[in-house]
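> Could you slot chain B onto chain A? The hints should help.
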Amino acid sequence: MEGIIKFLQQLINGIHVGSIYALIALGYTMVYGIVQLINFAHGDIIMMGAFIAFISITVLKLPIILVILISVIFCMISGILIEKIAYKPLRNSPRISALITAIGVSLFLENLFMLIFTPNPKPFPNVLKVYQINIGNLQISNLTIITIVVSVILMIGLDFFVKHTKTGKAMRAVSEDQGAAQLMGINVNTTISVTFAIGSALGAIGGILYSIAYPVIDPFMGIMPGLKAFIAAVLGGIGIIPGAMLGGFIMGIAESFTKGYISSQLADAVVFGILILVLSIKPSGIFGKNIKEKV
Amino acid sequence: MLKVNDINVYYGAIHAIKGISFEVNEGEIVTLIGANGAGKTTILHTISGLMKAKTGEISFLNQKIDSIEAHKLLEMGIAHVPEGRRVFAQMTVQENLEMGAFTRKDKKEIEESFESIFAKFPRLKERRKQLAGTLSGGEQQMLAIGRALMSKPKLLLMDEPSMGLAPILVQEIFNIIKEINASGTTVLLVEQNANMALSIAHRAYVLETGKIVLSGNAKDLLGNENVKKAYLG
Numbered sequence: 014m015e016g017i018i019k020f021l022q023q024l025i026n027g028i029h030v031g032s033i034y035a036l037i038a039l040g041y042t043m044v045y046g047i048v049q050l051i052n053f054a055h056g057d058i059i060m061m062g063a064f065i066a067f068i069s070i071t072v073l074k075l076p077i078i079l080v081i082l083i084s085v086i087f088c089m090i091s092g093i094l095i096e097k098i099a100y101k102p103l104r105n106s107p108r109i110s111a112l113i114t115a116i117g118v119s120l121f122l123e124n125l126f127m128l129i130f131t132p133n134p135k136p137f138p139n140v141l142k143v144y145q146i147n148i149g150n151l152q153i154s155n156l157t158i159i160t161i162v163v164s165v166i167l168m169i170g171l172d173f174f175v176k177h178t179k180t181g182k183a184m185r186a187v188s189e190d191q192g193a194a195q196l197m198g199i200n201v202n203t204t205i206s207v208t209f210a211i212g213s214a215l216g217a218i219g220g221i222l223y224s225i226a227y228p229v230i231d232p233f234m235g236i237m238p239g240l241k242a243f244i245a246a247v248l249g250g251i252g253i254i255p256g257a258m259l260g261g262f263i264m265g266i267a268e269s270f271t272k273g274y275i276s277s278q279l280a281d282a283v284v285f286g287i288l289i290l291v292l293s294i295k296p297s298g299i300f301g302k303n304i305k306e307k308v
Numbered sequence: 647m648l649k650v651n652d653i654n655v656y657y658g659a660i661h662a663i664k665g666i667s668f669e670v671n672e673g674e675i676v677t678l679i680g681a682n683g684a685g686k687t688t689i690l691h692t693i694s695g696l697m698k699a700k701t702g703e704i705s706f707l708n709q710k711i712d713s714i715e716a717h718k719l720l721e722m723g724i725a726h727v728p729e730g731r732r733v734f735a736q737m738t739v740q741e742n743l744e745m746g747a748f749t750r751k752d753k754k755e756i757e758e759s760f761e762s763i764f765a766k767f768p769r770l771k772e773r774r775k776q777l778a779g780t781l782s783g784g785e786q787q788m789l790a791i792g793r794a795l796m797s798k799p800k801l802l803l804m805d806e807p808s809m810g811l812a813p814i815l816v817q818e819i820f821n822i823i824k825e826i827n828a829s830g831t832t833v834l835l836v837e838q839n840a841n842m843a844l845s846i847a848h849r850a851y852v853l854e855t856g857k858i859v860l861s862g863n864a865k866d867l868l869g870n871e872n873v874k875k876a877y878l879g
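So the protein lines, in turn, are chains A and B.
If you count by the working numbering, then the first sequence holds residues 14 to 308, one letter each, in order.
If you count by the working numbering, then the second sequence holds residues 647 to 879, one letter each, in order.
Honestly, I wouldn't trust all of these hints.
What the hints assert, rightly or not - In silico DSBU-like cross-links for lysine-lysine, where the CA-CA straight-line distance does not exceed 35 angstroms:
id	chain 1	residue 1	chain 2	residue 2
1	B	Lys-649	B	Lys-710
2	A	Lys-302	B	Lys-649
3	A	Lys-97	B	Lys-698
4	A	Lys-179	B	Lys-874
5	B	Lys-875	A	Lys-179
Everything labelled a hint here was simulated from the structure, so no lab data went into it.
Next up, chain A with everything else stripped away, as it sits in the complex (with noise of 0.2 angstroms):
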């Protein structure tokens, strides 16, 4: 009895962290569909997120939903401006200068935010009151039902959004063939911008969620979850948006159940290796599949 309840709680636990890796890779997933740019920037729009997040709670003292308006407003539009005069004049070049690019607006955030904040870590105020709540043996906190319900909400209605919306139809044309999809009428432009600004803003929200998880915040805090759900991203299939989803519940139940049943230190290189094993027997990903174009 005591094994399961451990097994579900650490099962809780991983759908609790993959609900924000599978956030954050969704805006990678977004980006490489579009533009085929792995963007190394979006692990720094989750810092910003939270960063303006943390002013918005202590200097501002905005209300929670204010803060997390104007946080996710401020990523979209970093992440509309760094598409623009980072990425925008390289779209025709080798995908290596854009990629190179891509980390250097990473390092360029990164040092940036060092710069007015500092290194040094900062502890995320509470903005949410956690209790756990018991169910039988097992706990659950409402951070946790709250995170997962938050993802997704979000995960489902961007599902509709790409599937039944004008622009989500034309954000599929434009990632499958840009010439094409000019051809239609619609305005390649401003289509990469609109994909921009929500794979960024459901980085920010993933970014809140992340330092209300783990409440210390720093400038270098978006490497590691980045890096993560950029894994998931692969995992499941660069450039397929359910892939993405799928994928960040994989490294959360898989980085829970190292911790729990391993050990913590483990719980990184068992991650690396799920990639390593999936792209060694599918190197696209689960759910990517190489169609043949009939000519």
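Chain B in isolation, oriented as in the chain A frame:
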């Protein structure tokens, strides 16, 4: 309706289009024929804004269009059926057609366009929920044409619509082009299949390595000894 005046187009250092001029009048089917690499596709890409001409001028309905962005030309009435069809393989037939109507707002009119395209291509109606990538080559070509028609174009640019299709389908596609033209859409057709193209076109231009070497009535060109030798086998 469409006037192309002395355009020069380059791929890097390669001079692909060397001072080409031609025009398309309202109601016509005009065809550009020529061998692979003559520059046919490049001309269409330049008209629809996917490429830019270094010099020269293109005007449509007396308006200069050579500096207008590709995505805005559709609203002016120029639709383009690209070479190799380029349907959105991961989207359904229905969604592909919706993309064709991307610039249109009136839902009722769009619905009417759906009806008229499904009437023209009943096969597309049967497969409207299917992913475009799963269609046969001929069906994909029909979808590419239907998608372009969803914008209700005044001028339809068609790039090699017969490419890779069985002869019976080629005949069907060319009948459809004739129908589209008969219902009031002007057509600029680029083809390697010179025989078929000349048989439905009103006028034709013959291209050779980036230059127009011959032009005239399609019927006359069909009987022209040089054309016969070079293109009609």
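> Hint by hint, note whether the structure agrees.
Checked hints:
1. Taking the CA atoms of Lys-649(B) and Lys-710(B), the gap is near 9 angstroms; set against the 35 angstroms cutoff, the hint holds.
2. Under the criterion of a C-alpha separation no larger than 35 angstroms, the hint pairing Lys-302(A) with Lys-649(B) is inconsistent with the structure, at around 44 angstroms.
3. Taking the CA atoms of Lys-97(A) and Lys-698(B), the gap is near 22 angstroms; set against the 35 angstroms cutoff, the hint holds.
4. Under the criterion of a C-alpha separation no larger than 35 angstroms, the hint pairing Lys-179(A) with Lys-874(B) is inconsistent with the structure, at around 48 angstroms.
5. Taking the CA atoms of Lys-875(B) and Lys-179(A), the gap is near 50 angstroms; set against the 35 angstroms cutoff, the hint is violated.
This entry does not satisfy hints 2, 4 and 5, going by the numbered hints stated previously.
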